[in-house]
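Colleague: Below, each chain spelled out in residue letters.
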Amino acid sequence: MPPSSDLLQGTLDLLVLKSLALEPMHGWGIAQRIQQVSQNVLQVGQGSLYPALHRLEYKGWIQAEWGESENNRRAKFYSLTKAGRKQLEAELENWERLTSAIALVLKGA
Amino acid sequence: MSRLSGWWIRLRHLVSHREEQELDEELAFHLDRLTEEYIASGMHPGEARRRARIEFGGVEQSRQRCRETRPGLWMDRMVQDVRYALRGFRRNPVFTLTVVLTLTLGIGASTAVFSVVDRILFRPLPYAQAEQIVSVGLVQPLEQTEFMLGGFYYDWKDHQRPFVAMAAEAASPQECDLTEPNPQHLACSRIEAGLLPMLGVSPALGRNFLAEEDRPNGPRVALLSYNLWLNRYSGNPAVLNRFINVDGLPTRVVGVLPKNFELPTMHPAEIVLALARDVAAQRKMNPGAPVRAFARLKPGVRVEQAQQELAPLFQQMRTMIPAQFRNEFRLKVRSMRDRQMSEARPAARVLFGAVIAVLLIACANVAGLLMARGVVRHRELAIRSTLGAGRLRLVTQALTETMLLSLAAAAFGLLFGWGLLRAFVALAPAGMPFLEKAQLDLRMVAFSVVVSIVCGVFSGMVPALQRPRMQLLTGTVLTAPSRAVVRQWLVAGQIAMSIMLLTVAFLLLRSFRMLENQRLGMRADNTLTLSVTLGQHDYPTPESERRFFRDLVERLRFGPGVEAVAVSDSLPPAANHNQRRLSSIEIGGRAPLMDQGGIVTFRWVSPEYFHALDIPILKGQGFREDEVSSGEPFVVLSHSLAQLLFPHSDPIGQRIRLDGAESQGTVVRKSDVTSSQSWQTVVGVVADVKNGGLSGEEHPEYYRLRRDRAEDWGGSGVWGRSAVVVVRSSLPAQRLGPWIRSQVTALDPTLPVDIATLRQRVSKLADQPRFQASLVGLFAAMGLVLAVIGLYGVLAFLVAQRGREIGVRMALGASREEILRLVMSRSLRLILCGVVMGLVLALMASRALSHMLFHVGPWDPVSYLATLALLVIVGLLATWLPARSACNVDPAGALRAE
Chain A
0 MPPSSDLLQG
10 TLDLLVLKSL
20 ALEPMHGWGI
30 AQRIQQVSQN
40 VLQVGQGSLY
50 PALHRLEYKG
60 WIQAEWGESE
70 NNRRAKFYSL
80 TKAGRKQLEA
90 ELENWERLTS
100 AIALVLKGA
Chain B
0 MSRLSGWWIR
10 LRHLVSHREE
20 QELDEELAFH
30 LDRLTEEYIA
40 SGMHPGEARR
50 RARIEFGGVE
60 QSRQRCRETR
70 PGLWMDRMVQ
80 DVRYALRGFR
90 RNPVFTLTVV
100 LTLTLGIGAS
110 TAVFSVVDRI
120 LFRPLPYAQA
130 EQIVSVGLVQ
140 PLEQTEFMLG
150 GFYYDWKDHQ
160 RPFVAMAAEA
170 ASPQECDLTE
180 PNPQHLACSR
190 IEAGLLPMLG
200 VSPALGRNFL
210 AEEDRPNGPR
220 VALLSYNLWL
230 NRYSGNPAVL
240 NRFINVDGLP
250 TRVVGVLPKN
260 FELPTMHPAE
270 IVLALARDVA
280 AQRKMNPGAP
290 VRAFARLKPG
300 VRVEQAQQEL
310 APLFQQMRTM
320 IPAQFRNEFR
330 LKVRSMRDRQ
340 MSEARPAARV
350 LFGAVIAVLL
360 IACANVAGLL
370 MARGVVRHRE
380 LAIRSTLGAG
390 RLRLVTQALT
400 ETMLLSLAAA
410 AFGLLFGWGL
420 LRAFVALAPA
430 GMPFLEKAQL
440 DLRMVAFSVV
450 VSIVCGVFSG
460 MVPALQRPRM
470 QLLTGTVLTA
480 PSRAVVRQWL
490 VAGQIAMSIM
500 LLTVAFLLLR
510 SFRMLENQRL
520 GMRADNTLTL
530 SVTLGQHDYP
540 TPESERRFFR
550 DLVERLRFGP
560 GVEAVAVSDS
570 LPPAANHNQR
580 RLSSIEIGGR
590 APLMDQGGIV
600 TFRWVSPEYF
610 HALDIPILKG
620 QGFREDEVSS
630 GEPFVVLSHS
640 LAQLLFPHSD
650 PIGQRIRLDG
660 AESQGTVVRK
670 SDVTSSQSWQ
680 TVVGVVADVK
690 NGGLSGEEHP
700 EYYRLRRDRA
710 EDWGGSGVWG
720 RSAVVVVRSS
730 LPAQRLGPWI
740 RSQVTALDPT
750 LPVDIATLRQ
760 RVSKLADQPR
770 FQASLVGLFA
780 AMGLVLAVIG
790 LYGVLAFLVA
800 QRGREIGVRM
810 ALGASREEIL
820 RLVMSRSLRL
830 ILCGVVMGLV
840 LALMASRALS
850 HMLFHVGPWD
860 PVSYLATLAL
870 LVIVGLLATW
880 LPARSACNVD
890 PAGALRAE
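Order-wise, the sequence lines are chains A and B. Position 15 of the first sequence, counted from 1, bears residue number 14 in numbering that gives the first Met the number 0, the numbering being contiguous throughout. Position 748 of the second sequence, counted from 1, bears residue number 747 in numbering that gives the first Met the number 0, the numbering being contiguous throughout.
Bear in mind the hints are in silico, worked out from the structure with no lab data behind them. Possibly wrong hints are sitting among the right ones.
[Unchecked claim] Over the 12 Å line for every Cβ pair with chain B, so calculated as not near, a few chain A residues:
1) Leu14
2) Leu55
3) Trp94
[To be verified] List of simulated lysine to any residue pairs, SDA-like, C-alpha gap at most 25 Å:
4) B:Lys618 <-> B:Arg656
5) A:Lys81 <-> B:Pro70
6) A:Lys58 <-> B:Glu697
7) A:Lys58 <-> B:Ala422
8) A:Lys58 <-> B:Arg64
9) A:Lys17 <-> B:Thr68
10) A:Lys17 <-> B:Asn285
11) A:Lys17 <-> B:Phe28
12) B:Lys618 <-> B:Ser629
13) A:Lys58 <-> B:Lys297
14) B:Lys689 <-> B:Ala343
15) A:Lys17 <-> B:Leu30
16) B:Lys618 <-> B:Ile598
17) A:Lys58 <-> B:Phe28
18) B:Lys258 <-> B:Glu174
19) A:Lys58 <-> B:Leu22
20) A:Lys58 <-> B:Lys283
21) B:Lys618 <-> B:Lys689
22) A:Lys58 <-> B:Trp73
23) A:Lys17 <-> B:Leu22
24) A:Lys58 <-> B:Glu59
25) A:Lys58 <-> B:Gln20
26) A:Lys17 <-> B:Glu697
27) B:Lys763 <-> B:Glu697
28) A:Lys85 <-> B:Phe28
29) B:Lys258 <-> B:Ala422
30) B:Lys297 <-> B:Arg160
31) A:Lys85 <-> B:Pro70
32) A:Lys58 <-> A:Asn39
33) A:Lys58 <-> B:Arg62
34) B:Lys331 <-> B:Arg160
35) A:Lys58 <-> B:Arg17
36) A:Lys58 <-> B:Ile598
[To be verified] Short, incomplete list of chain B residues facing chain A, as computed with Cβ under 7 Å:
37) Glu25
38) Phe28
39) His29
40) Arg32
We treat Cβ as the ideally placed atom computed from N, Cα and C, and that holds for glycine.
Using the sequences plus the hints, can you model the full thing?
Modeller: Shown next as C-alpha cells:
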C-alpha cells in the first residue's frame, strides 16, 4: 500500500500515531495491529511504514527505544511523545471534520 | 521538535553511522517476523523465506526512503557530492588543473582590474552621504573645471538656497617645503574650515581648523595626511600640537586626516593648511581670488534643481564680468563623482570591459571542457540515472563539481590578482589615476567569490542541463550531437570575444604609437631637464631667484660637453599653465583682435632656449644675450601666432601689447601682470612646437625674454616659483645627471631637484595611454590564448570522436587531403562564425572608444586587418594539429576497434 497522495500519507501517520497511543510497539507490531484492527482491509508494507516512522521520529511526535520483543529479540520500540499526543488529537479532529464533510457531500449529491 | 535538536540529529549522523545499522536491524527484524509468520502457517522454511522476501519488497529502496526523511539530508548529500567530485578530480588531474588554471586567469585578472576601477566606477566616495555632494562654479573656455572667485563666492555662500552648506578649497595645487632637518618637498593644499564638516569627515586624530584659524594672520595650523603622519612621524600621536616648519614658518599640527581621505579636488595634498582668506576684502574685489567650491545638497534636492535655483545668483554675478567675455561663462553644478571621475572613467570602463571579456572567454572554455568531460562521463551518468538518481540530483552533483573548481580558482585567482595588481603598480608609477589606492580588501574577496560562483553556475549549468540518454548505456551511441553544437557555438563566441579584444588592443596600441612618435617640433634627445621650485622662505625676493638661476646657468654652461643651457618657466609639450585669450593681444596701430576667439600660450625663457631645444627660427632672430640687461621688452612669436596676428605683413619689428584686458575677469593661473604695461617689439618668429599636451590641441604661442629685472621674476604660487633648466650636451644623460645635481647642491644643498631627460618627460605624458594599451594588450593576448585552446580542444575532441568514421572513410578510399579538408572545413566554419560576430562586437566597442583614440579612427583598417590576420593564423595553427592527427588515423586499427 504505497502512499500515493498526501491524503494517504497523512492517513498513515494518523494510523501509526493512533496505534501507538495505546502502548509502545515495534514496527512489525504496528503493521500487524493496523491490519488486524482494520480486519485486513489496510495492509501496511514496510516500504512505507519505516519511512513514516522515521519521519514521525524526526518531527518529534514519537520516540524510539531498543527493547526485548515478545520472542526475546532486540527490537526498536516506538512510543508517543507529548507532542505526538497533541498531534494525534489535532489529526483526529481534522480527520473527523474531513470525513463528515465528505459524508455531507456524498449524501447531499 | 526544536531547531537545536534537529541540528543535533544532523551532527549525530555525521559523527556516526549507527543510525544506518539500526535501520538495517529494524528491517531485518521485520523480515524475520514475516518469515516466521509464513513458517507458522505451515510453509517450508525455504519457501517461507522466499515468500517473505517477495512480500517485503526492495530493502534498498526503503532504506533510501528512510534516509530521505532525515532533516540533515541536504548536508549528507552535499558531503557526498563533494567527496564524489574530489574523487573524480583526483582521477583526472590534468582536467582539474586546466579548469582551475583557466578560471584562475580569468578571476585573477578581473579581480586585479576590479580593484583598480572599483574606486572610479563603483565604490562610494570617502565622504558621508557622498551622493549629496556637488561641485559648484563657473566654467569658461580657459577653464573647464568649475571655479569660483572671491568676489562672488562669499555672496553665493550667504544667499544660496539649495545647499545645506558650501565650502571651498584653494583653486590650484600648491607645493610647500618642510624646512626642518631632513627637508622634504610636499604637496600642499588650502581649505576652508567648513570643508571637512561639509564633507562629513572628521580627522582621524586631533581636530579640524577652528574658525579663528581660517583668517588672515590667524594662528598657523596644519592637518597632516595619514600617509605623511605614518611615514614621517611614524604614526606617533605626539605630533599633535607640535610645531613644524612649513616654508620656513612655524606651523602647529592640529590633526591627522583619515586614511582614505581625499580632497574634493583630488589634489594629492600631504599637508592641508587653512585657506585663511580675507573675506571682507575678497567681497569687495572683482574678480577676487579663485577657489573650487563644493556643497552639500539639501535632502531631496536634485543636481538640476540646484543649478536652477542658483540661476538668479549667477545672473546677478554676470554683471561683474566685462561685457566682452560675459557670454563665455556658464554655471555648472555636477555631482562629486562626475567631477572627480569624469577623466578616469573612460579608461576604467575600457579596462573593465576588456577583463570581463577575458573572464567570459575563460568561463566558456571551462564550460567547453566540462562538456567534453560530460560526453566521456555519459555512461556513468546514465548508470546513475538508472540506479535512481533524479534529474535534480544529477544537476546538483554537476554544479557541486563546478562550484568546487571555481571556488578553488577564486582562491588562486585572488593570489594571482594580488600579484597582477603589484605588477600594474610597478608598470605604471604615475600612469593610471587611483592605481596607488587600489588594494585587495574584503570587497575584492567578495568580488572574486561572486565572480567564481557566477562562473561556476554558468559553466556548470550548460552541461548539467543536458539529460543523459538511456541508449548510452548500451555504448553504441558515442556522440551527443546537441552538445557538440553547443560547444561549437561557445568556441565561436570565444573567437568573437577575442576579436573584439584584439581590435581594441590594436587600436589603443596604434593610437599610443601615434601619440609617442608624433612630431614635437623640438629636439628631445641629448637634452636633460632640471626642474626646480624655489621655496618662498629661502628665496623671498625676485632678485634672489634671479641670482640663483644666473649662478646655476653660469656653472652649467661650462660643464662637460654642454652645448646650450636655457631656463624657462615651463616646457613643452606638456599643456602650459600660462594661457591667455588671443583677443587680449593688442597690435600697434590697430584695435585689439576682439573677434578672435581662442587661446594663446606663453613662456618666459632665457636667450638660449630656442638653441637648446633646437626650435628653428623662421624669421628675424631669437633673443640675444645682451638683451637680457636691456630695458626694452622683446617678444618672439610662434609661426601660427605670427600668421594670426600679421597675416599680410612682416611681423618683425611690429609692436604688440600683451597685457591688455587680461587682468580682468579671468582665472589664469599666472598672469604676467607683473611686467610693465608697455609695448613689446617682435624680434623673431620660430616654428610651432607641440604645446597642448601630447594629445591636446596646439595653441599659438609667444615667448618673452626673462630679463635681469625684478619685474620679470618672482611670480606667485608654484608656477611662478618653479623653473626648468634645459641642458643640451653631447654627454650621455647618466653621466651628466649626477654632475648637474652636484652643481645644484653646491649652490643650495637643501633644494630638491628633479632631473630627467626631455625624452623621459615626453614619454611620461604618454604613460597613461601606454599603460592602458599594454594592459588591454595583455588581456587580449590572454583571451586569444584561451580562445585558441578552446578551438583546439573542440577540434581535437571531434577528431577523437570521429576516429572510427575517419578510419572507415579512409578504408573506403578517402585521401588524406579529403580528410584534412573535412577537419579544416569544420574549423574554418567555426572561425568564420566567430569572425563575423567578432567584427560586429569590435565595431561597437571601437565606436564607444573613439574619443580615446589619437589620430586613429575607430574603423582603422590596419588594426582590423592585423586582428584578422593574427586570429586566422593562430586559428589555423590550432586546427593543424588535430587535422594532422586525423590524417594519421590507421584505417585498419579503426576498423578492428569496430
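Colleague: Against the structure shown, which of the earlier numbered hints fail to hold, in ascending order?
Modeller: 2, 6, 7, 10, 13, 20, 26, 28, 32 and 36
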